[in-house]
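Student: The residues making up each chain are set out below.
2 protein chains.
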Amino acid sequence: MFDSTVYSSRRDALRRGLASRALADGTILFLGNRESPMNYPDNCYGFRQDSSFLYFFGIALPCLAATLDLGSGKATLYGDDATMDDIVWTGPQSTTAELAALCATAASRPRAALAADVRRAGAALLYLPPYRADSRAELAELTGRPYAAVNAGASLPLVEAAIALREVKSPLEIAEMDKAVAVTVDMHKAALSTARAGMLESDVYGRVAQVAYASGGGLSFPVIATTRGATLHAHGHDRRLEQGGLFLLDAGAEGASGYAGDLSTSFPVGPSFDERQRAIYELVLRMHRKACSMLAPGLKYRDAHLAAAREGVLGLKDLGLMRGDPDEAVGSGAYAFFFPCGLGHMIGLDVHDMEDYGEILVGYEGTERSELFGLKSLRLAKALKPGMTFTVEPGLYFIPELYAKWEAEGRFAGFIDYAAVKPWLGLGGIRNEEDWLVTEAGARRLGPEFDKSVAAIERMRG
Amino acid sequence: MFDSTVYSSRRDALRRGLASRALADGTILFLGNRESPMNYPDNCYGFRQDSSFLYFFGIALPCLAATLDLGSGKATLYGDDATMDDIVWTGPQSTTAELAALCATAASRPRAALAADVRRAGAALLYLPPYRADSRAELAELTGRPYAAVNAGASLPLVEAAIALREVKSPLEIAEMDKAVAVTVDMHKAALSTARAGMLESDVYGRVAQVAYASGGGLSFPVIATTRGATLHAHGHDRRLEQGGLFLLDAGAEGASGYAGDLSTSFPVGPSFDERQRAIYELVLRMHRKACSMLAPGLKYRDAHLAAAREGVLGLKDLGLMRGDPDEAVGSGAYAFFFPCGLGHMIGLDVHDMEDYGEILVGYEGTERSELFGLKSLRLAKALKPGMTFTVEPGLYFIPELYAKWEAEGRFAGFIDYAAVKPWLGLGGIRNEEDWLVTEAGARRLGPEFDKSVAAIERMRG
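These protein sequence lines are chains B and D, in that order. Residues in the first sequence are numbered consecutively from 136, following our numbering. Residues in the second sequence are numbered consecutively from 136, following our numbering.
Just so you know, the hints here were simulated from the structure itself, not pulled from any lab data. One or more of the hints may lead you astray.
Because identical chains cannot be distinguished in the list, a pair is counted as satisfied if it fits within a single copy or across any two copies.
[What the hints assert, rightly or not] Cut-off 25 Å, straight-line C-alpha distance, at most; resulting in silico cross-link-like pairs (SDA-like, lysine to any residue):
{"hint": "1", "residue 1": "K540", "residue 2": "M219"}
{"hint": "2", "residue 1": "K520", "residue 2": "A310"}
{"hint": "3", "residue 1": "K209", "residue 2": "P245"}
{"hint": "4", "residue 1": "K435", "residue 2": "S207"}
{"hint": "5", "residue 1": "K540", "residue 2": "P227"}
{"hint": "6", "residue 1": "K540", "residue 2": "P521"}
{"hint": "7", "residue 1": "K540", "residue 2": "G226"}
{"hint": "8", "residue 1": "K452", "residue 2": "L507"}
{"hint": "9", "residue 1": "K511", "residue 2": "C427"}
{"hint": "10", "residue 1": "K511", "residue 2": "M219"}
{"hint": "11", "residue 1": "K324", "residue 2": "L335"}
{"hint": "12", "residue 1": "K314", "residue 2": "C179"}
{"hint": "13", "residue 1": "K540", "residue 2": "D460"}
{"hint": "14", "residue 1": "K517", "residue 2": "P176"}
With the rest of the complex left out, here is chain B (with noise of 0.2 Å):
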C-alpha cells in the first residue's frame, strides 16, 4: 500500500467532492469483502479486497469495515483482533489500530460496534453499491432495508464522488498500472514462446498464470486462453491446439497493489499466419491505430470506437467481405457483425474499473448509450480526460452462430456479403488490446513496448 496520507487526502477530496454536491453531512460506509467460499464455508477462493474500500483505506485485509463522518472528517477503521488460534493457523497478524495507522485512520473499534456506530448514523448514511451478496445481506440487516432494496438505497452523490476522484489516476497509481502491464506483457511473451501445436489449451492458460503468481500479484479475471477466437469471452481450456489454426490470449495481472493489466493477443499456432489470417490481423492493427491516434483529452471515446469501426469497415470492403456506404455501414450498426463488442473500457483497480459504481455512470457521463447490437456493448464512450486509464481493443470475429441467424434473416444484407463471407466463417476471431493513458499532451500506451506487428509476431512464433 502507499503512505498513510495518500489515504487520508483521498478521503479529504472525497469529502469536499461530497459538499460540492451539497452533503456537507453524514456518515459513509465502507464495507471491506469478506472471504468468498468456494465449495464450504472455510474453502475460500483467493482473497480480494473490495476496490472501494482499497482506494480509500489500502487494506487488503478481510473482514474489515470503515466509516467517514463528513462532517468531522473522522475515519474509524472496525476489525477484530487475532486470537492465539487465530495466530497458530495464519500467523501473527497487525492490530486493527496497527492497521489504522497505515491508513491514517485516527480511530479503530472491534467489528461488533459497527452496528450501534450505524444505527447513530440513521438516514444519513452513504454506501456505494454491494455486489457480493454477502455485503449486501449485511447492509439490509444494518440499514434494516429489504435484502433485494439495498442496492436502490446506495448513495448516487456519493458514486459519483468516488467516480470523480478515481477516474483520474495519479502518479502513483500510474506507477503501479505500468508494473501491472509489465507483468501482463511477460504473460502474453509466454504464451507466444510456449503454444505450440498438439498442446491444450490449458498449457498454455497454466504457463500464463505462473508468471501472474510468481510477479507475486495475481489475475485481474478469467484468462480467456483459446483456439476459439471467435467466441469472445471463451473460457474453457480444453481444446488442442492444432496447426494452421489461431490462438488468442485474453489475460491480465493484478499487481500486488491491486491494479490490472489487460492485454490481448492473437497469433497462429504454427509459424506464420496464413493469408486470411494476416490479412484480418493487419486490418485489427490499422483499426488498433486509427483509434489509438485520435487519443486526447477532450476525444469522446465513442468517436474513437465509430472510426475503429469505419477503419475495419473500410478493409472488409477491400476484402469483398462488406459493401455499400461506409459511414452507414457503421451509422447502421452493421459492421458490428464482425465487430460485435465495445473498442474498451477503464481500467484501475478493477480491470474494468468501477464497474460495481454502474457503467453508465463511468463510462457515459452525458452521453446516450446505443441500443445497437455491438454498439450497446461499449463500456465507455464519454469525454476522456489527462489521467484516464483504459484498454482499447479492437478485433474482428467471424462467428458461425451470429452468420446462421443474420444470413437467414437477410439483415444488413446491402453491407455484408454473407456468400463472400463463408468461406471465412473457420478464420475466429482476432482481438488487439493494449492499455493506455490520456496525458495533457495526448496519450501513451501503458508498460513496456510490445511490439505486435505481424513480422515481430511470426518471429516469435519462428
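Fit chain D to the supplied structure of chain B, relying on the hints for placement.
Tutor: Coordinates of chain D only, in the frame set by chain B:
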C-alpha cells in the same frame, strides 16, 4: 461427468436413505452455485459448482437448480437457455433439456419456474445448508424464511442421508481421486525441482499452480507454499527462500470432475536437512507411518490421531524437548504444543469433504468432540469404513507466539521443556501429508508412489 445413470442411481439411493429415515414424501431442492463476484458483478472467480449438485446432477455450469420429488422420484432441472448475445460472448451452449439428459433428469424448466414449484412443495421442502450468501438469500426468498434463519431450516435427515452416500467412494470416484492425487504429486515434484535459495515463495507457487492448471483442472484449495512452516495455513507468498531454511508446500489439484487431491511436502531450501531439521522430519515420518499402519475398517480415526501424537511425544522425549509420562502427555493435550492440528480430514469432491454439511455430522457420528487445544481441530474422529478417503497429515511445529504464551504461563511445564525447546524455535514446521483409501482388507495410498524419505527428498534437492 460420469454416465447419466450414475446420477439417477445416486438420487434413487438418496430417496431410499430418506425413506429409511421416515421421509418418503417431500421435495428436495438442490441449488447449484452461481458465479462468485470478485470485485464487481461481472468479474468472477473461477466457477466452482456446489459439490452436492455435482454429486447428484453432475453438471458443472452456473445458475442451475434441481428438484427431486421423493414420492415419485421425478427430478427436474431448472435453467435458462442461451440467447444470441450469450452465444456471441461465451460460445454455443447446451440447452437445459440437453443438460437434463446428461444427468438422466426427465424434466427441464426455465429457472423462473422454480419459485412456483417450490411454493407448491410448501413445508415438505428439504434443502442442504447453504454456505454462500447468494444461495442463502435465494433460499430466504424461495422459502419465506428470514435470511438469518435459512441454515437452521436445512434438513438434518437429508444431510445424514447425503453423508451416508458420499462418505463411501465408488470405484468411479476412486479412479478420479487417484488421478487428482497423481496431478498433485506432479505439483509437489515440480516444487521440489524448482525451489532454490533466493527465489520468492511466489515463484514456487506459480510453478505449482501451472501444473494444476495445465492438467485441465485447478487447485482444490488455496496453495500454501511457504518458508514459514510454523504457521499452519500461511497464505502469503512474499518471502524469500533462504539457504538453511525449510520450505513447506501444502497444495492439491482439483480434477476437471471436481475431485480433490491434497498433499503436504516439507523440504530443505538447500540440498540437505540440517541435524535438527532431519530429526524432526524423521519423527514426523514415524508419526505418519504409525498412523497409516493402523488404518483399517472399524478403526476410530481419533485413535490414529492419538497414536501419531504418542509417537511424536516419544521422539520429542528422545530429543529432550518433552518429558514425563507419554500417555499423560497425550491425554492432557500437552503434545499439541508441537502438533496443534488434527491428523486428517475426509477428502472427495471437497478437500474437506462435505464440510458444508457440518464437521461433527461428517467426522464424529456418535464420537464426542474434544475441547482440548489441538484435538478440537481434529476434523475426522469416527470409525472408518471401506471406501472412505481422507488425509493423513501429522506435523510438528515450533510456533514462537505459542511458545511465548505457554512458556510465560508455565503451561504443561511437566511435559514441555521450554528451556530445551527455545533454541529449536527457528526451525519452523514440518508436515507430511498423503491421501488414503480404506479398503475391505485395510487401506492404501491414493495416487502414485511418492517417496518422502530423507534420502529421496535430498536426492530430489541435490
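Student: What label fits K435 with S207 when the C-alpha limit is 25 Å: within, between, both, or neither?
Tutor: For K435 and S207, the Cα distance exceeds 25 Å both inside one copy (38 Å) and across copies (61 Å).
Student: Tell me, please, which holds for K314 and C179 at an alpha-carbon limit of 25 Å: within, between, both or neither?
Tutor: Result: close only across copies, 23 Å inter versus 27 Å intra.
Student: How do K511 and M219 come out at 25 Å by Cα distance, when the copy is not named: within, between, both, or neither?
Tutor: between (53 Å within a copy, 14 Å between copies)
Student: Between K511 and C427, at a C-alpha cutoff of 25 Å, which is it: within one copy, between copies, both, or neither?
Tutor: within (21 Å within a copy, 61 Å between copies)
Student: How would you classify K324 and L335 at a CA-CA limit of 25 Å: within, between, both, or neither?
Tutor: both (18 Å within a copy, 21 Å between copies)
Student: Tell me, please, which holds for K540 and M219 at an alpha-carbon limit of 25 Å: within, between, both or neither?
Tutor: Answer is between; shortest inter-copy Cα gap is 9 Å, intra-copy 63 Å.
Student: If the cutoff is 25 Å on CA atoms, where do K520 and A310 land: within, between, both or neither? Let me know, please.
Tutor: Within one copy only: 18 Å inside, 58 Å across.
Student: Between K540 and G226, at a C-alpha cutoff of 25 Å, which is it: within one copy, between copies, both, or neither?
Tutor: For K540 and G226, the Cα distance is within 25 Å only across copies (14 Å; inside one copy 58 Å).
Student: For the identical chains here, do K209 and P245 meet the 25 Å Cα criterion within one copy, between copies, both, or neither?
Tutor: Classified as within: same-chain Cα gap 17 Å, cross-chain 50 Å, threshold 25 Å.
Student: Cα distance capped at 25 Å. Does K540 pair with P521 within a copy, between copies, both, or neither?
Tutor: Close neither inside one copy (42 Å) nor across copies (55 Å); limit 25 Å.
Student: As a check of your reading, is K540 near D460 (CA-CA no more than 25 Å) within one copy, between copies, both or neither?
Tutor: Within one copy, since 23 Å is at most 25 Å while 80 Å is not.
Student: Is it within, between, both or neither when you check K452 against L507 at 25 Å Cα-Cα?
Tutor: Classified as within; 21 Å inside a copy, 77 Å across copies.
Violation of the numbered hints given earlier is confined to hints 4 and 6; the remaining hints are satisfied by the structure.
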